[in-house]
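Chemist: These protein sequences, in sequence, are chains G and H. Counting along the first sequence from 1, when you hit position 134 you're at 133 in numbering that gives the first Met the number 0, and nothing is skipped either side. Counting along the second sequence from 1, when you hit position 383 you're at 382 in numbering that gives the first Met the number 0, and nothing is skipped either side.
If you're looking for bench data, these hints aren't it; they were derived computationally from the structure. Glycine is no exception: its CB is placed at the ideal position from the N, C-alpha and C atoms. Misleading hints may appear alongside valid ones.
[Stated by the list, open to error] Here are some chain H residues the structure puts well away from chain G; computed CB gaps all over 10 Å: (1) Ala276; (2) Ala292; (3) Pro412.
[Unchecked claim] Which bits of chain G does chain H cover? Going by a derived footprint, with three or more residues having C-beta under 8 Å, they are: (4) 70-76; (5) 157-168.
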Amino acid sequence: MSVRRAFFAGVLASLLAGCLPGKSAVVVYTALDEMYSRPILDDFTAETGILTQTVYDTEAAKTTGLVTRLIEEKSRPRADVFWNNEVAQTIVLKGKGVLQPYHSQAAKAFPERFKDADGYWTGFAARGRVLIYNTDLVKEPPTTIQAFLDPQWAGKSAIARPLFGTTATEASALFALWGEEEAVAFFKAIKDNRVAVLAGNASVRDAVARGDYAFGWTDTDDANGAVEEGLPVKWLFPDQDGIGTLVIPNTVALTAGAPHPEAAKKLIDYLLSPAVEAKLARLRSLQIPLNPQVQAPDNVPKLSSVKTMDVSFEAAAAQMERAMTLLRGVFSS
Amino acid sequence: MTERQGPGKVLFLVSLFGVFSVIVAAPLVAAFWPEDSSVWRALPDLLSSWPAWRLMGGSLIMALGAALGATLLGAPAGHALRYLSPRTRRVFLALLLLPIAAPSYVMAVAWIELAGHGGLLRQWIEIPLYNRAGAAFVLSCVYFPIPLLATLAAAQRIVPALEEAACLHAGAMRTFFRITVPLAAPGTAAGATCVLLLSLLSFSIPSLYQVPVYTSEIYERFSATHDAAGAAAAGGWLLAWIALGGWLIKQRFQTYWSHLRHAPVFAGPKTASASIARWSSAYCLVLFTITAALPLLAILCRTLPLASCAAAWNTARGEIACSLVVSLLTASAGVVLAFLLGRMRSRLLLLVSAAAFCVSGPVLGVGLIRFWNHEGIRATVYDGIAILVIAGVARFLVFPQIGIRSVFQQIPPCIEEAAAVHGVGSWRRTIHVVLPLMAPALALWWSLLFILAWGELDTAVLVAPPGWTPVSVRLFSLMHYGPSSMVAALSLVSTLVAITGAGGGFAAYHLLRRRIHG
Chain G
0 MSVRRAFFAG VLASLLAGCL PGKSAVVVYT ALDEMYSRPI LDDFTAETGI LTQTVYDTEA
60 AKTTGLVTRL IEEKSRPRAD VFWNNEVAQT IVLKGKGVLQ PYHSQAAKAF PERFKDADGY
120 WTGFAARGRV LIYNTDLVKE PPTTIQAFLD PQWAGKSAIA RPLFGTTATE ASALFALWGE
180 EEAVAFFKAI KDNRVAVLAG NASVRDAVAR GDYAFGWTDT DDANGAVEEG LPVKWLFPDQ
240 DGIGTLVIPN TVALTAGAPH PEAAKKLIDY LLSPAVEAKL ARLRSLQIPL NPQVQAPDNV
300 PKLSSVKTMD VSFEAAAAQM ERAMTLLRGV FSS
Chain H
0 MTERQGPGKV LFLVSLFGVF SVIVAAPLVA AFWPEDSSVW RALPDLLSSW PAWRLMGGSL
60 IMALGAALGA TLLGAPAGHA LRYLSPRTRR VFLALLLLPI AAPSYVMAVA WIELAGHGGL
120 LRQWIEIPLY NRAGAAFVLS CVYFPIPLLA TLAAAQRIVP ALEEAACLHA GAMRTFFRIT
180 VPLAAPGTAA GATCVLLLSL LSFSIPSLYQ VPVYTSEIYE RFSATHDAAG AAAAGGWLLA
240 WIALGGWLIK QRFQTYWSHL RHAPVFAGPK TASASIARWS SAYCLVLFTI TAALPLLAIL
300 CRTLPLASCA AAWNTARGEI ACSLVVSLLT ASAGVVLAFL LGRMRSRLLL LVSAAAFCVS
360 GPVLGVGLIR FWNHEGIRAT VYDGIAILVI AGVARFLVFP QIGIRSVFQQ IPPCIEEAAA
420 VHGVGSWRRT IHVVLPLMAP ALALWWSLLF ILAWGELDTA VLVAPPGWTP VSVRLFSLMH
480 YGPSSMVAAL SLVSTLVAIT GAGGGFAAYH LLRRRIHG
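Chain H on its own, in the form it takes in the complex:
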């Protein structure tokens, strides 16, 4: 729908672009463009460094292992959920999303407490975690909800008539493997590729398990040799790899995503029998037990007596309050900004946001310091917790941007056109027509952004103002210095607060969805 842009709207668009620039684009540019252009001089050294290539190869192997493991765990669960009743599906979905809701380093500690040396299961099993395979295994257990959701979304859009027709001539199992799985395969593959990219960017889990990965190269250039230019070059090179992978994904899956966006969601197949539903429930329950219940139980056992939780709360309540305020503000600001940017539908802004996520946290952190640490109004921002909010928005804006942009594209244009015909202006259409329709999606993405902001560590370490330490930084410090019972207790408290905050958003999503759809 086109309409004439008035001066007010032009001013608004310019202001929005300005806000996006100072929050996301300017720090990114500042990270890569120091005054002496040393980043570009460091690039040839990096590209000719055999250890760096070897680290990249090792990281790819670990990421491939994680993607394979996550797919083997998540894809069957995605199919299994389809055979359950809607209520049961919602319950299992909430349980199976727990591993990704908790901060990744908390899950890494949980697995050490469960199956590492001296873990809860040490009498029966000890999984060698401190190697590439161990890191890939834990990454699989943390990220499997991604292929699960992707497979479920794809499977729910399979036309039931196809499966029913196949079942007339072949059994349920043959139908499943010959019809259902291939039709859902693009979704599964897309989810697996997301896990591959996220594992490539992962630092906290490989770091805790002492696995040398490419992201370690970036940290070591900062910490060991204070080579900010080299670290930025290394971050840029990683960004190039991610960009290449992203381009290949887009080429392969673009048509599929367009179909997925507009395809209707069907109820579960009528061919599903009660026994299939029981097996599906059993698989989901076993998966939840292994990937979430047992690791979190191991942390709980380490915190006993529960007075440890009270001690952890008393010790870190300042940090918890700081993280809570920052996460609430980051989620709210991020969703609002993503909503407004979604109206602009600019692919360039989306790519810039993606770059801010893919370039590692410390590189972005240095960029934030270089851009914001100046006299004047920027100093006001830099010296308060506003810098932590900006850091969170800059890092994770890409996720709500992608999701909200996709939802925008599903709103039929005729709804807005009808309002426009009746003389409703652009702003009123946005507030009274578009926003109510998008409210459930906004609540969902608010929850996700809350979880991401709560667990953010890499950038916060560099920009957290004195006296305002996020709980993620405190927890990561305690992992080295503190007694393991305190670490476990704070991990548990941190996970509970993250899940509670996100749970509020999910509850809002369901309420709003019910209001719209009845």
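Okay, chain G solo, but in the shape it has when bound:
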């Protein structure tokens, strides 16, 4: 009888978990891979005693993501902090009134182009959009994204579907940089050149490593992961003599009407600290520190050594909705 009572008491407690006052906590919605973000959040809890309750994204599997959830919960937000692994969707959320400004002291060290002028978001620990190539199949690797249009590589290259994640951000950036007409023509030409459109950046990495394709378009964290696993691949920053490489930061933002604002601000300050950027740089995701004070390992590229694409994130985010609508039409079959 006591076991049955204990079971039902536990069930009742879990059902009512929402209404029980708990110890200090902060709710985080994070799009960064759980294997990288969970240790950081656990360290925050260990240092501050503030419990983190986390919702991780499944964007890569094409399920509806955190952004949709944040928009729908706007009237009564459940999240305190949104930790995104890219920037354009964060700016979209700012436009929809989901975020509120917070000028963290820790954000002062970051370059102006990697943070919002009004304090709605701050970028940190960036990744680059790179070309990964199979060293067994490619002796002279392509150095520009125009290689996807080269008939020499017809049917031999791959990209992730440009409707999600950092590929969508890059597509939006190209729309902002080149204009709608040229950007659409570029992606149509990609499709006509039989470039494989795969599920995500990790799928591109795996396919190139297997030798299914000669090269592909992915992020530094995926590419470096393959290198560290000893797979026959290398990667490079494309268009260093041309338009430059898009460098996409993680972004952290405070949600409007956050239930635990003080704890949320502490978490934001923590995520923007040099220690966190140093930790993320040491991981196999090879996140590039944006804070000049952070000493990264030698194998991590320095931001100063990379020619970055000259496009504002706000301009890219402004193009996002239109770009996604047009690209859905291009890649619909």
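Mind docking chain H on chain G? Use the hints.
Modeler: Below, chain H without anything else, positioned relative to chain G:
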């Protein structure tokens, strides 16, 4: 049987209707009725979108392929099971239901591990899975138990005298193809149509195999353009197609189902010889090996050494515990609600439940957020795992509703009338007369609801509260980010827990059935 409705009973019916409304109807309405009516404005754009029509056509082709494949696999097995002894039939039935008991995305991963690039059989065969045909093939292997069960149910109700008379003049084979198969054909066709509709609604398998299907349109409108209104419109249009298909099925099969409901079940044909029984067993064994044993073996090989399973358990035990609690509560609440609604026998409520299933998971998820994410008691529900239980009940209530309603209709009214004549009130009749008779069916539908709730992903992604991640969401995330050995181990652990939970329900079904029938 009619009787005067007292105020207590009226209050109960109103309360029941209220519970159904807040769980199922209100979120559905909230998904389609945002304040700015943008859903209805998005509908003309959708209907005039050639890519959307093309996606629907592609989805139909894939679904037709899956229905054909599932029928070719399942229908012969349904006939074969009829020629086996009851005990052997039960064993093979349990084995052949394994593919549908495991979450569909687990089976998709299992087939990749078995026959995909780098799979277990790569030295001998590589099935091209990453296309429409591959997705249809795997859907066939997952859903074939449906035409199997439908064919078996139909074949068991064929009057044996018909087959025996035919065998006097023709051989067993001619009798089988000229008499047995045509008489069971309506059941087979009904099962095939169910597979067609389920395949049309499928997302996880086509998504993992990168096949563009219509359900992808709904997800992309949410994720790529944050067009919730467009996504709801797309979900509504899919619902319209399913409703049309459902209406056509009802027109075609209603008479047959009425017959099936009241027809007695006969023992296997006396004309069956020992060799037919052996061939039947062989076919069932081969089918089980191909569709369940080999894919699950491939996952097992990927998890070796078995320490991976222990690592998967340690990594995801919180998620497993969450899913276990949610699945137990969803199955229990769903069966209770379906039982009470079955007494009301309302076709409208059944249609609303069907709509909640047929409109895609994310659309329902958005509706749940819009309805439940408000201050007050609704916030208490939304912020705890109760929202996951409500999501599961809302999505899958239609299945126990249909099944339990059908069982209600088989209970002879005279039993309740006899109790009423002796002064037994409505509640006592329900608890002491009807419930014991229905207990086996309730246990069976509890098992099914447990399996469905365990594997639910589409809605859970949107409403899972912070810190309460179901194992389905964790597994689907790991499929992209994690090492394949961890994915395989967690898939195996997840499948074992699902089968164990459902197995408990099936065991209860057999025990209760034996108590009633002796």
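Chemist: Hint by hint, say whether it matches the structure.
Modeler: Results of checking the hints against the structure:
no. : hint    : result
1   : Ala276  : 45 Å, holds
2   : Ala292  : 27 Å, holds
3   : Pro412  : 37 Å, holds
4   : 70-76   : holds (count 5)
5   : 157-168 : holds (count 3)
Consistency note: the structure conflicts with none of the earlier hints.
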